[in-house]
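Participant: Here are the chains, one letter per residue:
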Amino acid sequence: MTLNRRSFLASTAAASGALMMPAIARAQDAIRIGTVLDVSGIFDAYGTPMDMAQRLAVAEINDAGGLLGRPVELISYDTQSDMALYTQYAQRLVRQDNVDVVHGGVLSASREAIRQTLRRANTLYFYNVQYEGGVCDRNIFINGVTPAQQAEVLVPWAMSRSGPRVYILAADYNYGQITARWLQKYIDDNGGEAVGTDFFPLDVSDFGSTIARIQTVAPDLVIAPLVGGAHLSFFRQWAAAGMNERIPLASTTMGVGNEHKVLTPAEGNGMMVAYNYSQELDTPLNNAFKERWVEAYGSTDAIHEIAVSHYMGIHLWAEGVRRAGSAERMAVTEALEDGLSVDGPSGVMTIDPQTHHAILDVHLMEVRDQKMEVVESLSQRPPVDTQAVCNLIENPDDNTQYEIEF
Amino acid sequence: MRGDARRDTAFILIAGVVLIFFMPLLIDTHVLTLLIAYGMLALSLGLIWGFGGVLCFGQAAFFGLGAYTFAVAGINLGESTLPVILAVLVPAVFALALGAMMFYGRLGDVYLAVITLVVTLILFRWINSTAGPEYTIGVARLGGFNGIPGFPILNVPGRPELMIWGETLYYVAAVSLLVVFLLVTWLLRSSFGRIAVGIRENEERVSLLGFDIRARKTILFAIGAAIAGLAGALYATWAEVVTPTLFSLQQSAEIIIWCIVGGLGTRFGPILGAAALAYLKFALGQQAIIDNMFVLGLVLVLFVLFLPRGLAPELARGWHWLAGSRRRPARRRRAPRAEVSDG
Amino acid sequence: MDLAAVILVEVLYAIASLALISAGLAVVFGMMKVINLAHGEFMVLGGYATITAVGLGVNIFIAMLIVAPLVVGLFGLIVERLIFRHLYGRMIDTMLASWGLSLMMIGAFKMIFGNTTTGVSGPIPGFSIGNYQINGYNFFIIIVSVLLLVAMLAVLRGTRAGLVARGAMQRADMASAMGHSPDRIYMLTFAVGSALSGLAGAVLAPLVGLVPTAGAAFIAKAFITVIAGGPSLVAGLASASGFFGLVNQFFSFLVSPVVGDVALLVAAVILLRLLPRGITSRFFRGKL
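Chains as they are written, first to last, in this note's numbering: chain A, 84 to 489; chain B, 4 to 346; chain C, 221 to 508.
I should point out that these hints are in silico values taken from the structure, not numbers from a laboratory. Yeah, the Cβ is synthetic: ideal placement off N, Cα and C, and Gly gets one too. One should not assume that every hint holds.
[What the hints assert, rightly or not] No farther apart than 16 Å at their CA atoms in a straight line, the calculated lysine to aspartate or glutamate pairs in the EDC-like style are these:
#, chain 1, residue 1, chain 2, residue 2
1, B, Lys-284, A, Asp-165
2, A, Lys-454, A, Glu-350
3, A, Lys-344, A, Asp-384
4, A, Lys-344, A, Glu-363
5, A, Lys-268, A, Glu-449
6, C, Lys-253, B, Asp-112
[To be verified] Sample of chain B residues lacking proximity to chain C, with all beta carbon distances greater than 10 Å (derived):
#, residue
7, Ala-18
8, Ile-30
9, Leu-85
[To be verified] Per label pair, the in silico range of CB-to-CB distance:
#, chain 1, residue 1, chain 2, residue 2, range
10, B, Glu-207, C, Pro-402, 42 to 48 Å
11, B, Val-200, C, Pro-402, 48 to 54 Å
12, B, Leu-305, C, Ala-371, 46 to 52 Å
13, C, Val-375, B, Arg-208, 56 to 62 Å
14, B, Val-200, C, Arg-377, 45 to 51 Å
15, B, Ser-194, C, Leu-495, 34 to 40 Å
16, B, Leu-22, A, Ala-147, 48 to 54 Å
17, C, Ala-374, A, Gln-453, 43 to 49 Å
18, B, Leu-185, A, Gln-179, 32 to 38 Å
19, B, Phe-285, C, Met-331, 32 to 38 Å
20, A, Leu-368, B, Thr-139, 45 to 51 Å
21, A, Gln-179, B, Leu-22, 22 to 28 Å
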């Protein structure tokens, strides 16, 4: 007997749920998007604009007549920056709300908490945030920048403007740990040296001893993939000690939560970053996007890169549904795997069928007066880091997150 | 006396079985399973605090330790029977060592509270900073802030492919809570339990009667930890992920609040408190008008001020009044006497 | 040499900030044997009071040193009358009620200020010692903390109120028999302790971002410092902060801030195992 108890129980549970729920008829009317985002707590600076972006995206889809003639319904839960709530709400989305797709998750920790749950429940999942790369799973699509798209260009650029001795300060969880290793690799590749690497749990907010320690090593450059509200204090204390005048600073995360707008111009000026999106991009699609945002929310203050990639992720999925003529998981997956692409505020985004990641533009930027000024734009970069280890065309059943090894 | 015990057991069994089949009609079994795990956790503190007089500010440490043991052992072994046993044993052994250190050092109540709190904080800090690839136990990565997702969930003993989840998990959890409840009842009826209550009432007198207080307190502490560990394993298999927040002060605080609200010095009170408050929190989590921490805090303050004995004794009194029985209601809770140094 | 100076400043800063965050709790615990577990939230309230006042255009130093202590002191007075007054002599119950109060305050902060990080930038620029840059604000905290300890000593030693307070600390019943109402003494002590918590929170706010749950990070450290300090107020505070601050900074600098925190906690467990009644039960006996 091949039917194991688990799948048996799951199917009977689903069937009895369907019988008990008159909502099943209603579910036929609307296509349901479920999302889980940190709209409060120490990661709210990331999650709140993403929440605004998804409402805008869904409104746009519905204004254009919905999908396949059906309206789109958004069911959104606030995970309050608590990783334990992610699995709870993900289970509720698939068990009770019977959603057709789940978008969301902010930190890599939250993605890994729910990825297996959604895979087991046969619910398609979109993670629309820049991350450390390497996830190989046919049930997930990821459209954020990975180290090969971002750090590979940021590191040599920042080093060329400072020097070869680099100190890394990273958030202590999977994103920071893996990103730090990628940074070390790119520093080595460009003839530099990583003279120190420190990790900080996400609740650390006192960096006095660290700033003293960095000075004993006297690096030419500091790269800081720090994450969340507590780590914002680092940039403040760095400036308060007058270090921003002495050692240049680059980051793979600074500004993703609009940190450059919270810091004063004096504290933030000169920091180097690389992302898929900047509000200063002067393209017709970006200008139109900003106009719609202002119409909905009053000002463009909240827009940041992952809000835009979340917006793009929802449109990618919607395009997949249109192309497939169905919201069913495998039909949409196959449509997306057909090299589908959409054009939006952050430029053209194309699904790479081999990895389920995105091929996208990357911009090198410098913080100036609370804005991200684009210094150089690189067009259509593929996720080569993940392509090197992941091939979902040959191994569709792969379900691992590959990590960089030296 | 004998007949009394038998009647008690029969009553618990009948009430338990009725509740197990009745509750799913009111609340979704997925939520109920969580309430049961929390109820068991509350019972563990209710036992050592309510009957042993040991106020532990770090019961969450044993809960988290149980959950992490279950996850780590599950990943290494690929099945769940031995991990459940380990999830009970590891916290118990840890509590034996910690308890021996505290009780043989004759620390006062306040100092005991500080030590348990600090140990919980140490565990939290440590687990929270194990994201690096160098922190592994066997093949299991500890994962730091991420926690451990994707470990094998509970399965039928000896048959790793037959997983227990959903509705089945609810019945398994409910029956295990019933079994633990009966074991606690028997423990409290035994001479060990009676002497434990004696120690709570008057440590000096029991000591002068020739009993080894330190050893007894240590063992009771370990039994409480074992129950908390089992609750942790149940929680882990329910949540399918374990994270460092299991060790947080917030979690420890909630356990204490459950006991106070439910009624200290009773067996059913803490379970009732846990279920009621966890459900309240769950229900409040659905709305955004009033913050649920505010409500929890208010409930705690009001109970301490106006209903320090908790819900269970009041309910019992109401029941006896209704039934016209003249049995005395449960005895008044006595706060363990604080020992403070004078300057 | 420059490095030694920088490290010295960092160590002194760590000690000073520990003493600062523990002072309010120590006053309340020392005089009333009440452990106020809402102490961390009292500090956060001080921080929010400062940020709000600065937002309204008040000078930041006035906001930190005057507005915040006043606001939190008044708040302390109110909750003492409403809650703690009824619970004196029931130590565990006071602890639990204050824990409830702390949860309520966190909830209230979330509802009023939003569950998000807020902060103000430090008012003092950084400066250099030789080749090293240092956060100028550290000196401010060291100075505030030293002044605070000296002031506490002076009040306890040199004033009549201090004499009464010392008397009430040692023999509450005798002080009462001499005609000093314990009710009033307790009320005022609690208000003063709260004001000190508010001051600490206000002074630390520019350094670290403020979230509604920030109090939890302070309470454990303050709790440990006060208990480890033992019976004497000022000597206990100074010795325990000195010991823990040294341990913390040593490991922070050598390894990382996390190891520093863990080392502090481990040191606390060992210390309490060896001296269950705190440092000043063995050393500096009879000092204030």
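Participant: Each hint needs a verdict: does it hold in this structure or not?
Facilitator: Evaluation of the provided hints:
For the hint linking Lys-284 of chain B to Asp-165 of chain A, the alpha-carbon distance of about 15 Å falls within 16 Å, and the restraint holds. A hinted pair counts as satisfied when its Cα atoms are at most 16 Å apart, and Lys-454 of chain A with Glu-350 of chain A qualifies at roughly 13 Å. Restraint check for Lys-344 of chain A and Asp-384 of chain A: the C-alpha separation of about 8 Å stays at or below 16 Å, so the hint holds. Proposed proximity of Lys-344 of chain A and Glu-363 of chain A is supported: the alpha carbons are some 14 Å apart, at most 16 Å.
Taking the CA atoms of Lys-268 of chain A and Glu-449 of chain A, the gap is about 23 Å. The hint is violated against a cut of 16 Å. Distance restraint check for Lys-253 of chain C and Asp-112 of chain B: the Cα-Cα separation of roughly 13 Å lies within the 16 Å cut-off, and the hinted pair is therefore satisfied. Taking the minimum C-beta to C-beta distance to chain C, about 29 Å, the non-interface status of Ala-18 of chain B holds against the 10 Å cut. Under the 10 Å C-beta cut-off, the non-interface status given to Ile-30 of chain B relative to chain C holds; the minimum distance is some 24 Å.
The claim that Leu-85 of chain B is not at the interface with chain C holds, since no C-beta of that chain comes within 10 Å of its own (minimum 30 Å). Range check, Glu-207 of chain B to Pro-402 of chain C: Cβ separation about 28 Å, and the 42 to 48 Å hint is violated. At roughly 34 Å, the beta carbons of Val-200 of chain B and Pro-402 of chain C sit outside the given window of 48 to 54 Å. Taking the beta carbon of each, Leu-305 of chain B and Ala-371 of chain C are about 38 Å apart, not inside 46 to 52 Å as hinted.
A beta carbon spacing of about 44 Å between Val-375 of chain C and Arg-208 of chain B contradicts the range 56 to 62 Å that was offered as a hint. Range check, Val-200 of chain B to Arg-377 of chain C: Cβ separation about 48 Å, and the 45 to 51 Å hint holds. The supplied range of 34 to 40 Å is met by Ser-194 of chain B and Leu-495 of chain C, whose beta-carbon atoms lie about 36 Å from each other. For the pair Leu-22 of chain B and Ala-147 of chain A, the beta carbons lie near 52 Å from each other, so the given range of 48 to 54 Å is met.
Between Ala-374 of chain C and Gln-453 of chain A the Cβ separation comes to about 47 Å, which falls inside the hinted range of 43 to 49 Å. The given range of 32 to 38 Å is respected by Leu-185 of chain B and Gln-179 of chain A, whose C-beta atoms sit roughly 34 Å from each other. For Phe-285 of chain B paired with Met-331 of chain C, a C-beta distance near 19 Å fails the hint of 32 to 38 Å. A hinted range of 45 to 51 Å holds for the C-beta pair Leu-368 of chain A and Thr-139 of chain B, which are about 46 Å apart.
Roughly 24 Å separates the CB atoms of Gln-179 of chain A and Leu-22 of chain B, a value that falls within the hinted 22 to 28 Å.
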